[in-house]
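Novice: Sequence order for the protein chains is A and B. Taken in order, the first sequence gives residues 1 to 517; the numbers are from the numbering used here. Taken in order, the second sequence gives residues 1 to 412; the numbers are from the numbering used here.
Among the clues, some could well be false.
Here are the computed lysine-lysine pairs in the BS3-like style, where the Cα-Cα straight-line distance is at most 30 Å [said to hold, decoys possible]:
#  : chain 1 : residue 1 : chain 2 : residue 2
1  : B       : Lys227    : A       : Lys123
2  : B       : Lys268    : B       : Lys293
3  : A       : Lys123    : B       : Lys56
4  : A       : Lys71     : B       : Lys179
5  : A       : Lys370    : A       : Lys162
6  : A       : Lys74     : B       : Lys227
7  : A       : Lys96     : B       : Lys73
8  : B       : Lys227    : A       : Lys148
9  : B       : Lys73     : A       : Lys120
10 : A       : Lys71     : B       : Lys177
11 : B       : Lys109    : A       : Lys358
12 : A       : Lys279    : A       : Lys225
13 : B       : Lys227    : B       : Lys245
14 : A       : Lys162    : B       : Lys245
15 : A       : Lys139    : B       : Lys56
16 : A       : Lys451    : A       : Lys420
17 : A       : Lys358    : A       : Lys168
18 : B       : Lys192    : A       : Lys124
Which residues of chain A face chain B? A few of them, derived with a C-beta cut under 10 Å, are [claimed, not checked]:
#  : residue
19 : Tyr56
20 : Glu141
21 : Phe142
22 : Lys148
If you're looking for bench data, these hints aren't it; they were derived computationally from the structure. From the three backbone atoms N, C-alpha and C, an ideal C-beta is built for every residue, glycine too.
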Amino acid sequence: MQHKLNKNIYRGILILSFIAINVLIIYSVSFVLAYLKTGADRANMLHIDIKSETVYAPKINWANSENIGRKISKQELKSIEDNYLKSWYIKNTAFKNNSPYGIEDFYTDSARVHIFNNLKLNKKQQISIEATTISHSPKLEFYSEDGKLAVLTDKNVVEFQKIYKNNKLLFSSTDTSSYKVVLLLEDGFWRIRHKVKIENEYYKDSTKTIQPKQIKDSEILVEGKPFTIKGINYYPKETPWDMFGENYNLQTIEQDFKLIKNSGLNSIRIFIQYEDFGKEKVQLEKLEKLREVLNTAENIGLKVVVTLFDFYGDYSVLNWTLTHRHAEQIVSTFINHNAILAWDIKNEPDLDFESRNKETVLAWLSQMIKEIKKFDPNHLVTIGWSSPEAANNLVNEVDFVSYHYYKNIDNFEKDYETLKENSLNKPIVLQEFGLSSYGGIWNLYSSSETKQAEYHKKMQAIFKKDSLAFMSWGLYDFKKIPTAVAGRLPWKNTKQKYFGFINENGVKKMSFLHITN
Amino acid sequence: MRKTSYISFFIIIAIVISAFSIKMVTPKNDSFILNTTSKTFIAGTEIILTFSTKNKTTPFLFIKNSYGSNLLKPEQIDTKLAYRIPSVFTKKAGVLNWTLINEGENLLKNKIEILPNTTSKTLLESYLGPRSVLAGNKDYSMLVVIPTDMFDNPLPENTSVKINEQFLNNINSKEEKTKNLIVWNNIMAKEKAGSILVSSSSNTTNSNELTTVIYPSNATNFTINFKRNHHFADGNQITYLSTSKIEDEFKNIISDGTIVEFNITTSKNTILKTRATTINGIAKAKILHPDEKDTWKVKAFVNGLAESNVISINYEPIITNFDVNFSKNNREITVGPIQSFMNQLIPDGALVKLKIFNNNNLIETKTSTSFKGFVSFNISAEFYTENSYSFIVEVLGNSKTIDTKYYATQTK
C-alpha cells in the first residue's frame, strides 16, 4: 500500500515536471520569437511613432520669407524646428554630463565626431557645462527638391551657460551667437550635417531696462497718481493654495473682494501655482478663471499683484525654457489688463538659495524678469523676498522691491531704513507680514487674538506715520494647510492656520479693526 | 595775493584728488592686454592667444565654437599668458568666442575667426534628388554640393563649383558659386527618356558620378485592334485585343507595366472588362468568345490619362442542328451530337441550357457544358413530381422546343 502510494507520488512529480519543462520551453521559444520580431515594423524603423514630452521650449521666431528651392509645408518646417531644437537640447545635456547620449540621433556621422572629441577633452579636464538657449530666430534659406536637405540661418541665438570645473561653478554668462546650419533628413530625423558659427548681425537688445512709467521718485503711480498700496494677501477661505482648482467659485471671490474693498484696502496679492496652471502648456481654462478674477477685481476697484511660479522649485538650466513658456502664456494674455499692478515673479525664492544654489536661483530670476518684460512691457515686475536682507538681491532689475517681515516688530523700522538705503531709490512694498493668533500647546500659549490685534495696531501706526505700502497676511484663517506650504509638523503647520483677520467660521477677529490705517 | 594762493592750492588739491578718483574707477581688467594681433586664422593651424599682464593671477580662457566649449589654462612665462587652443577647436571654421575669466569675473571678451583651410584638399559632398523624373520640360532633379576642406569645414562663400551633366551626346558644364554653405543646381528633365549623369568638381577635386533616370511621361491616346481565329460565337475561342504602341507626348514609349483596361459593351449593354500591362508600349489582352451572336464595342483606357478609339467586333452564331433524346421514362435528356460550323463536334465546354416548364410556367433553367459533343440532363423523380413537363433546349443561340412530355407519377 505504502509502496504503491510512493510510486504514485513519483509518477505525479514526473508528470508535473514534464509539463513544467514543456511550458518553460514553449515560453522561452515564444519569448525569443517575440524578441526577434520587435523593431522590425516600419513605424519603428522610421522613428515616426516616438512620443515625447516637451523638454525644451526656447522662444523660436521663424523669419517670414520664401526660401530657395522647394516650398516647404508647415508640417515639415515644424519637424525641422522640432529636430533642430532637440539637437540643442541633446547637445546641452551631453555637455552637462560629458556623455554623448543621444547625439547620434541629431548629428550626422561626420558632425558628431566634433562633439565627441570636445566631450572627451572636457571629461579629461573635468569641465562640465550647463547651458540652455533662450531664443532662436531661424530663417530657412534652402530646402531641396527631394525634401532631404535644408539650410537655415539661426540669428542671434541667446545662450546662457554655467561652467563648472571639478564640480565647482567657475562662472556663468549669457551670450548671443548666430549659426548657419545644414540639416539632412536621415531615417526620420533631421540631423545636423554642418554648423558654422557666424558673425552676429546688428542686434538691438530689447531687454534693456527702461524706467517704467508707473514709477516716479520711489513711488508707484496708478493712472499717473501716486498710489500707496494698502493690501492683503488673498486666498478663498475654503481653498487656500488652490484658488483656481476644482472648487473655484467666482461668487465667493467676488464677495471677498467687496469685503476687502469695503474695509478700506485697495489691493490684493494672489498666487498662481506652476504645476496647477499646466507648466509649459498653460491650460486655457485656468487663464479664463484668472481673467474672471482680474475682471472682478477691476470692477470692484482693487489692484492685483499676481505671484507666479508658486510651488516651483526646479531652477535647473535645462528646465528654464519651459518656465519661460509658462510665463509667456500668462503675462502676454493679460498684457493690457488694468487690474494688474505687478507680476511678482516668485514667492520667497531666497528660501531655495541653500538647496538650489544661490547663483542658480538668481540667474533664473534675472532671466525671468527679462522674459516677462519682453512679453509684457506694460506691467511692473517685482520679487517677493522673504526678508528685508534678501531683498537686496537683484534690486537694479526689479521695478520695485518687495519683502516679507515676520520678525520682531521692534526691529522693523531699523530694518526698513537699511533696506531703503540699498534699494536704489526704488519703491519698497512690505508684501507680507502678520502674526498668528494661535495660542495652544504647539506654541506654548504664547499668542492670542488680542496679541494679534495689538501687533497689527502697532504696524498700522508705523505705516501711517511714514505712509508705507503694505500687504498683510492674510484675510482668512484656514482649516487645513497643504503640506507643501508648512510641512507636516504640527508646531509649524498649526500656527500657519491662524494668520487671518477673519476666523475659519467667517467671524471677524479683533485684528480686523486694524486691517488698514 | 594770499587769497589767490589759497584758491590755487585748493585747485591743485582738487586736481590731485580727481586724478586719484579717476585712477580708482579704472577697471582692473586693463591689466590684461591681448598681444595676439591677428583676428583670423586658418583651420588646422596652431592658434595661441597671448596676453600680457602685470598681475600674478592665472585666469582661465573660456572658448566656444559652433559645436562646444572648453576652458584653457595658460602657459605662463613671467608676465605673458599664452593659451594654446586645442586642435578640436582649431580645426573647426567659424567664429570662436573667448572670454578671459578670473574668479567668476569676465576680464576680457572677444572673438577670433577661423577660416576654412582652402589650401588643403577639397572634399565634395553631393546630394542628388529626386533620382527619377518624368520626360518633358517641367520635372527636374536637384543637385546640392557642399564643398569642404579636409577638416570638414564648408568652404567660404563664393567658392566656385563646376557642375557637369551628360545626356546622350551632350555634355554641359556650368559654374556655380557657393552661398549659404552650398551650391545647388536644377537638373532639368529632357524630352527623351533615358538617364542623366551628373558630376561636380571644385579645386581639382572631382565628385562621384550620380544618375537621375528620366522616365517616359504620361501616355497619350492610342488605337486598338483585335485578332481572332474565327468569327463564330462558340464560347470557346479567344479574341486577342491589342493596343498600338502607346507613347507619351515626346514619342517615348511609355514605361513597361502600364495597365491598359479594355471595356467591352455587349449588345445587351452589359460591360465586360479585361486588362493587360504594356510591354514595349503594347498591351495585349485576351477574352473568350461569346456563346451566342453578339456585337461588342471595345474601348481601352490608361486610367485617368489616355483612351483609345472604339472598335466593334461581330460574332456570328453557329447554326447547328442537334437531337434531343429522352430515355429512362423521359427522366434522362440527352442533347447531341452538337455540331459546329464545319459539322465537327463542338469542342468540349460549349454551354447548353435546358429550360423546364410546367403548364407554361418556367420552373427551372439547368445549364451544363458539352463533353465530346453531348450533354445530358437528369429530371429526377424526387424533384420533378408533376405529370407533364415541356422543355426548351438552347445551344449557342439556337433553340429547340419540346412539347409536353408525360411522366408516370412515382409509385411506391
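Novice: Given the hint that Lys139/A pairs with Lys56/B, test it: the Cα-Cα distance must not exceed 30 Å.
Specialist: violated, 47 Å
Novice: Going straight from one Cα to the other, do Lys73/B and Lys120/A come out at no more than 30 Å?
Specialist: holds, 17 Å
Novice: Next pair to validate is Lys192/B with Lys124/A; report whether the Cα-Cα distance is within 30 Å.
Specialist: violated, 61 Å
Novice: With the threshold set at 30 Å, check whether the alpha-carbon distance from Lys370/A to Lys162/A stays at or below it.
Specialist: Holds, because 18 Å separates the two Cα atoms, which is no more than 30 Å.
Novice: Within a Cα-Cα threshold of 30 Å, do Lys227/B and Lys148/A meet the stated pairing?
Specialist: violated, 50 Å
Novice: Taking the least C-beta to C-beta distance, is Tyr56/A closer than 10 Å to chain B?
Specialist: violated, 18 Å
Novice: Against the 30 Å threshold, does the CA-CA distance of Lys227/B and Lys123/A hold or violate the hint?
Specialist: violated, 82 Å
Novice: Taking only the CA atoms, is the gap from Lys227/B to Lys245/B under or equal to 30 Å?
Specialist: Cα-Cα ~16 Å, so holds.
Novice: Hey, does the Lys148/A contact hint survive, CB to chain B under 10 Å?
Specialist: holds, 6 Å
Novice: Under 10 Å, Cβ to Cβ, is where Phe142/A needs to be relative to chain B, so tell me if that hint holds or is violated.
Specialist: Holds - the Cβ of Phe142/A comes within 10 Å of chain B, reaching about 6 Å at its closest.
Novice: Need the status of pair Lys451/A, Lys420/A: alpha-carbon distance at most 30 Å?
Specialist: Holds - the C-alpha atoms of Lys420/A and Lys451/A are around 28 Å apart, at most 30 Å.
Novice: Given the hint that Lys279/A pairs with Lys225/A, does the C-alpha gap stay at or below 30 Å?
Specialist: violated, 36 Å
Hints 1, 6, 8, 12, 14, 15, 18 and 19 from the earlier list are contradicted by this structure; the remaining hints agree with it.
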